[in-house]
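S.K.: Single-letter residue listing:
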Amino acid sequence: MAEPAHRIVDDPLAGKAAKPMPVILLVDDDEITRISMAGRLKRLGYRVIEAGDGVAGLAAIRAQRPDLVILDWMMPGLDGPSVCEAIRADGELRSSQVVLMTAHDKPEQIAEGLSRGADDFLSKAASKQEVLARVQASLRSSALVREIERTRDDLDRSHRLLSAKQTELESELQSAADFVRAQLPLPGMPAPGVSMQWAYQPSLALGGDLFQVSVWGSETLGLYILDASGHGVAAALRAVALMTFLREDNLAKVVGSFDPGAIITEANHRFPLTQDGEYFTLWVGRLHLPSRTLSYAAAGHSGAFLHSLQGVSQWLSSASLPLGFDPTISFDSATAQLLPRDRLYLLSDGIYEAPSPTGELWGRDRLQATLESHRAHTLAHSIGDTMTTARQWLKGDIFPDDVALLGVEVLDGTAPAKEKS
Amino acid sequence: MQITERRIGQSIILDLTGELSYANRTTFKAAVERSKRAGCRHLILNMQGVRFLDSSALGTLALLAQSFPAAQGMVSLLNPQSYVKEIITLANLHQILPVYNSEQDALAGSRLPAAG
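Protein chains in written order, with this note's numbering: chain A, 1 to 421; chain B, 1 to 116.
No lab work stands behind these hints: they were computed from the structure. No experiment lies behind these values; they were computed from the predicted model shown. Hints may contain errors.
[To be verified] Below, a sample of chain B positions facing chain A; criterion: calculated Cβ distance under 7 Å:
id, residue
1, 3
2, 63
3, 96
[Unchecked claim] Distance ranges between label pairs, derived from CB positions:
id, chain 1, residue 1, chain 2, residue 2, range
4, A, 249, B, 95, 30 to 38 Å
5, B, 52, A, 166, 50 to 58 Å
6, B, 52, A, 89, 39 to 47 Å
7, A, 247, B, 89, 27 to 35 Å
8, A, 341, B, 105, 44 to 52 Å
9, A, 398, B, 52, 29 to 37 Å
10, B, 82, A, 398, 46 to 54 Å
11, B, 52, A, 65, 55 to 63 Å
Where is the CB? At the ideal position from N, CA and C, for every residue including glycine.
This is chain A alone, in the form it adopts within the complex (with noise of 0.2 Å):
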């Protein structure tokens, strides 16, 4: 007789550097049959493990995990179907490759083996070459889940990983944009005499827009809203540049004025385009509280309006380059007179280029009847429902473009320089 192709080895420690040797569970109540088949396994070279019934059969899958389960048809207690119909009921067990063994063959026992849970079928008659056959054509299989299981559950480990990458991100992107929110103003009463509101919603958890509204000396309040191109980490990290550079003692040390053409004009020098072409547009004004004279200059920020309760209404922006598209060129302030109860506006373009389900956008005259229509209303109020119109234009509640939206009114009956002095 020719030399098997695997040594004949029953010992888990024999040949324990070389490839692991496929374990086959053989469950069979008949002593002699299966100390047969076993010897008949060993000799192909494989490890057997027996069971004497199908209860034993499935302890023994649970503790051993083999590569085949052989299982005789007929038991006593749990039969070999039966055993098959476990396996298959349990989570852990049910892609294990079983293969039902009987002494008869017939067609529709063979059908009703494989609809209860078997792999596949050998006669306890079967040649030594049926059996290497079959028994070699199922270790392929169970080799195949098996590597499919691996992966899977590599696949798992990876996705709980990056999970948990992810959420380590989103947390430190949350802290960041905690960080980017403390900047903003608090509402309230920036100045005695003047109140000021706000509403703010980014695209992403960062924005790159941003304002400010502030005390720049002693009878002047300094506003500003800035717009970084782009979105997301980059834009906010710029736009927080800019709002370093807009700090008063900043501006006193290296513009020497507060006057915004001034404070554009030197923004304009130290922040270039990117290499990317990423760059900001700003509005700047300066109001002088006694007089309520409002200078003002913009870098292709187009997003103030003026509503006078008593004199013009105006949008505070003309065509201007954005900062850094010409280096050379300088900005020059224009002025407004605001009057009791007028309410000023910041706002960034996101508000108004809100666009409807169909694609048309909100446009700047909707949203200026939208201010003008809450002028008896409060100013937090105001803004609030302007939000809301929006939205409902947007009909939905994410802006593609960050959207901030601020308003500072004088309040009715003051006259800070007299107060003041």
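Could you slot chain B onto chain A? The hints should help.
M.R.: Only chain B this time, still in chain A's reference frame:
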């Protein structure tokens, strides 16, 4: 965005169709680079078929204006329409990039530096 290139004398006209935005700026920049390498003296961006221009594209155009050295030639815009024209006007882009309303004028514009 679709870009087709036409060479007329020392000028290259890029006929742009669709949206000029962040999403397709790589394609746009590649087409511009090809034109530069081809020794183009006047790059004319035909905006007639462009229906949308986002802020990123504005930056790209400004960068293009800065990166096309005067000694090597010029860049201009041709026939921007409605919304795009409005954006270009609002951003004052015409201050750094000449805007022509007809191809003839644009091509005539391209001959001026050579004549001067």
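S.K.: Per the hint of 39 to 47 Å, is the separation of the Cβ atoms of residue 52 of chain B and residue 89 of chain A within bounds?
M.R.: 58 Å Cβ-Cβ, so the 39 to 47 Å window is violated.
S.K.: Starting from the hint 50 to 58 Å, judge whether the C-beta atoms of residue 52 of chain B and residue 166 of chain A obey it.
M.R.: violated, 32 Å
S.K.: Going by Cβ atoms only, is residue 3 of chain B closer than 7 Å to chain A?
M.R.: violated, 17 Å
S.K.: How does the Cβ-Cβ distance of residue 52 of chain B and residue 65 of chain A compare with 55 to 63 Å: does it lie in that range?
M.R.: Because 60 Å falls inside the window, the suggested range holds.
S.K.: Answer holds if the nearest beta-carbon of chain A is closer than 7 Å to that of residue 63 of chain B; otherwise answer violated.
M.R.: holds, 4 Å
S.K.: Once the shortest beta carbon distance from residue 96 of chain B to chain A is found, is it less than 7 Å?
M.R.: Cβ of residue 96 of chain B sits 5 Å from chain A, so the hint holds.
S.K.: Taking the beta carbons of residue 249 of chain A and residue 95 of chain B, is their distance inside 30 to 38 Å?
M.R.: Roughly 33 Å apart at Cβ, these two residues keep to the hinted range, so it holds.
S.K.: Cβ-Cβ distance between residue 341 of chain A and residue 105 of chain B: within 44 to 52 Å?
M.R.: About 51 Å separates the Cβ atoms of residue 341 of chain A and residue 105 of chain B, which means 44 to 52 Å holds.
S.K.: A range of 27 to 35 Å was offered for this pair. Does it hold for the Cβ distance of residue 247 of chain A and residue 89 of chain B?
M.R.: Given a distance of about 33 Å, which is inside 27 to 35 Å, the answer is holds.
S.K.: Evaluate the given range 46 to 54 Å for the C-beta pair formed by residue 82 of chain B and residue 398 of chain A.
M.R.: violated, 26 Å
S.K.: Please check whether residue 398 of chain A and residue 52 of chain B have a Cβ separation lying inside 29 to 37 Å.
M.R.: Roughly 19 Å apart at Cβ, these two residues miss the hinted range, so it is violated.
In summary, the structure is inconsistent with hints 1, 5, 6, 9, 10 from the numbered list given earlier, while agreeing with the others.
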